[in-house]
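Peer 1: Letter by letter, the chains look like this.
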Amino acid sequence: MGRHVVVIGGGTAGMEAAGRLAREGVSVTLVEKGNELGGHLRDWYHLFPNRRSSDEVLEYLRGLVSHQNILLMKGRKVTGFSRKGDEFAVSVENGETINADAVLLATGFDLFRSERKEEYGYGIYDNVISSADLEAMFRKNELKLVNGNKPERIGFLHCVGSRDEKAGNIYCSKLCCVTAVKQAIEVRKVLPSCKVFCFYMDMRMGGALYEELYKEAQEKYSVSFIRGKVSEVAVNIQNRLVAKVEDTLVGRPLKMELDILVLMAGMEMSEDGIRLADEAKLKRGENRFFQPADHHFGTNMGNIKGVFYAGTCTAPLNITETISHARGAVMEIVNYLNQEK
Amino acid sequence: MNFDPFVIPFNIGLYFILIYAVVRCIIWFRELSRPDKLRLQRGFFGRAFGQSLKEIFLESLIHRKILKSNPRLGYMHMSLAFGWFLLIVFGTIEANIFSEKHLNHSYKAIFFRFFHPDHGKTFFENSYAFLMDLILAFILSGLLIAVIKRFSSRVVGMKKTTRLKPLDKIALTSLCLIFPSRLIAESLTCGAYGTGSFLTGSLGKALASFLPANELAYPFWWLYSLSLGTFFVLLPLTRYLHIPTELFLIFMRNSGIRTGDKPGTYSEVEVHSCSSCGMCIDVCQLGFTTGINTIQATYLMKGIRNSDELYDVAHNCLMCGRCDNICPVGIEISPIRMIVRRAEGKEYMYENTSKGYFRNRLTVPAPKQEAGTSYDFLPRLRQEKTDVLYFAGCMTHLTPSVKKAMVRILDASGLNWSFMDEHGGVCCGRPLMLAGNDREARELTNYNSQLIEKSGAQTLVTSCPICYKVFRESYYLDAEVLHHSQFIKSIIDEGFIDLNFLQKRVTYHSPCELGRRSGVYYEPREVIKHVATLEATAFDDENSLCCGGSLGNIMLSRDKRQKIAEDVCSKLTECSPDSLITACPLCKKTLSQATGTRVMDIAELAVEALADTPGLKMPRSRSKKKLLKEPATSLR
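Chains F and L are the protein sequences, given in the same order. The numbering of the first sequence is our numbering, which starts it at 973 and goes up by one. The numbering of the second sequence is our numbering, which starts it at 1084 and goes up by one.
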């Protein structure tokens, strides 16, 4: 058997896996639907928990994939793949077909479309933005209202499209809490006079150094954390946002005037991933992500032999976990290729 | 010959059921409220009596409604009911004309052939016998369909038929035996005497050719009498009680009595009038979309009759009203369901006594008066004078796109208007009413009423059909209450706004609370037709579906709701329209989670067509007159 692997998706997981596979002497075709590698990481400004620039991680990943064993295919979507004997035929847009001994899916996630929670007014009121929009503002160094004014009060609304049965997602996206804390701190750093509120159900600070960051946000940056979700958003005569929320610790309904409301959009299985799964008959879990063969020792494998998963196409993961998961996939693939030979 | 012991079972049954009917009527009448007693008395001497007779003829005998919607099923019901009626009427006439005496015991009409076996010698007698045979054949044809329906309900065009309890089965068996035993008994007698017409005569001749007809006839006459007697005695315990009670129901309804919100005679008569025909099963979305087949109206009625535990049956319902609409008997199902809900799982308000023949009202203890709830937190009354008052309601606040569109339209109309609950108002009161907290709801309705009165507005516009219904039915307002679809229609008619025609194909989802519950179908359609191409669907107007987001059901799981919403969307977007239009914020919210097609409120559609919107393709070029087919609701 040859040693050729097609990696679908050029985000963090795809880049890490492709780079590592190449270093194991495997020839890799990395297919990315966009025109640039990097995936969601390119939209992000700083990364939690230590607020290092995302560019540093991107730099590292780009270094990994510039390797002679890697063939890059950018701006091309994979339309499907099928197993023929020991080989896979991966068909790419424009009718091209690539043969491979194994396929690694690193199709990643889509951000929850905040329009679906109409009561929060995303797409209806100017200054309701998503967490990704805020990162873009940070990147452009333009944290301001649509009318150009400096915001004085910013609210972060946690769990938009996560742990929400009505939105069809009962799972926790697990990164939004710490992202909100990180973004709150960043807002306070950029605009020291701006008041920042976080509206949360639970603070899920389960990662390394997360709790420390949360404490820092409260003590050093005076971010107000209010336990209770926003029920609806409106605007007043001055076109300022008015959020209705219940402070469940005090047991009182509140009406908060805000200049900007940031919706902490959750993570969902990517639409392209769903399409591929339906095409190739890959099993998906109740949360719609790819269902791994085993939740403890088989998270890189699926229901078809020779098809492997890496990164957030299996569940919400942060960058650290994604990179580890991709490395796990590399090990599984190399084992598989050696065995088959 | 004037008497034979075999008539005794029939006589016992007949007199039992007659006495029972009288006693039950007295009990029912006594339990009526005073106004309802007056209504009934007035109805008895008024027009309602004639109307009732007509309706009894058309619905209870001919079964017109079922015939219209399902001819085969209708024929089955008609042949049994109308045929039996004819058999009794013509049998009585026959007995009175051809007997020695002209006033006879009732059994004489039923068993006429036994007492006059040689009847049918003259031409006149013979043609009368032909008529009687024809009627019997008519009934037997219906009976045949009924037997087939038991084994395969598809034959009569029904997807499902109702499940029966044991006593129903005995009654059903005796009912099924009545006419075949009559046929055989009459045939054998006719065969022995060489009389009878095409059915009994020819069958009798055939049987008599190889059987001792005269001796065999006697046991069949016994069987005929016994099955009649058994049927009558079991009648009050089975679903066949619907046959006599439906007559009372029709009469009471025509006298102006309605179900109301407390259990009483009328709701009990309704419950017993359910014939378990099962037509409500086929229209129920919970049934055909989510596979829940235990909660439909017919099972609710059966459960009430049997004093079953009904919490799940009563609560697991979308309250969409599709069954109210289809019920051939005209039972007000939703109000009855609400009564059961209010009873809140207590042993229900009746228990069966005397082996089930009578029911006693249970004395449910009055709810404890809670320590006075304080409504101090309601905002202070403050409302400027205005002509048009807009009440968005809580669901509209959760769909700001609708609210925003209405503000645009109201501003564009140039009318003097004011936003009643812009910064969070007080609830219209419906949720509290649905939960049975009427006293608390009154606090809210009083507050809102004062606010509306203070504004001096002549028109109150709501965006939410739930609010619309409650403002119209539970408030006493001087202002005219309009749903925003009606309001938009009227301001188009009066020339307050100018709308373009959009190059758009759309379908319309009629919300339950606005359509079936409030009868508003015309205005939303006209508004849509004014600005876009409205495509017809198989689920328009009365046949519209529930979006699945209903607040009336607190038991349905999320995924089943989603399933309903997806089913509705796929049905309404079959013609792949550009948008799916609705007129209820809750419907919009529910449907937009279930389809890729854009779901819009009618107000959003109107805003898209507002004349000053840039980028429009076609200028408005049509006369306003075309819209005025029906008198427009005017802005007083």
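It is worth saying that the hints were derived from the structure and are not from the lab. A couple of the hints might just be wrong.
[Stated by the list, open to error] Short derived list, chain L residues pointing at chain F, Cβ under 7 Å:
#, residue
1, HIS1480
2, LEU1481
3, SER1484
4, GLY1635
5, SER1640
6, ARG1641
Glycine included, every Cβ here is placed at the ideal spot set by N, Cα and C.
Peer 1: Does each hint fit the structure? Answer for all of them.
Peer 2: Checked hints:
no. : hint    : result
1   : HIS1480 : holds, 5 Å
2   : LEU1481 : holds, 4 Å
3   : SER1484 : holds, 5 Å
4   : GLY1635 : violated, 17 Å
5   : SER1640 : violated, 9 Å
6   : ARG1641 : holds, 5 Å
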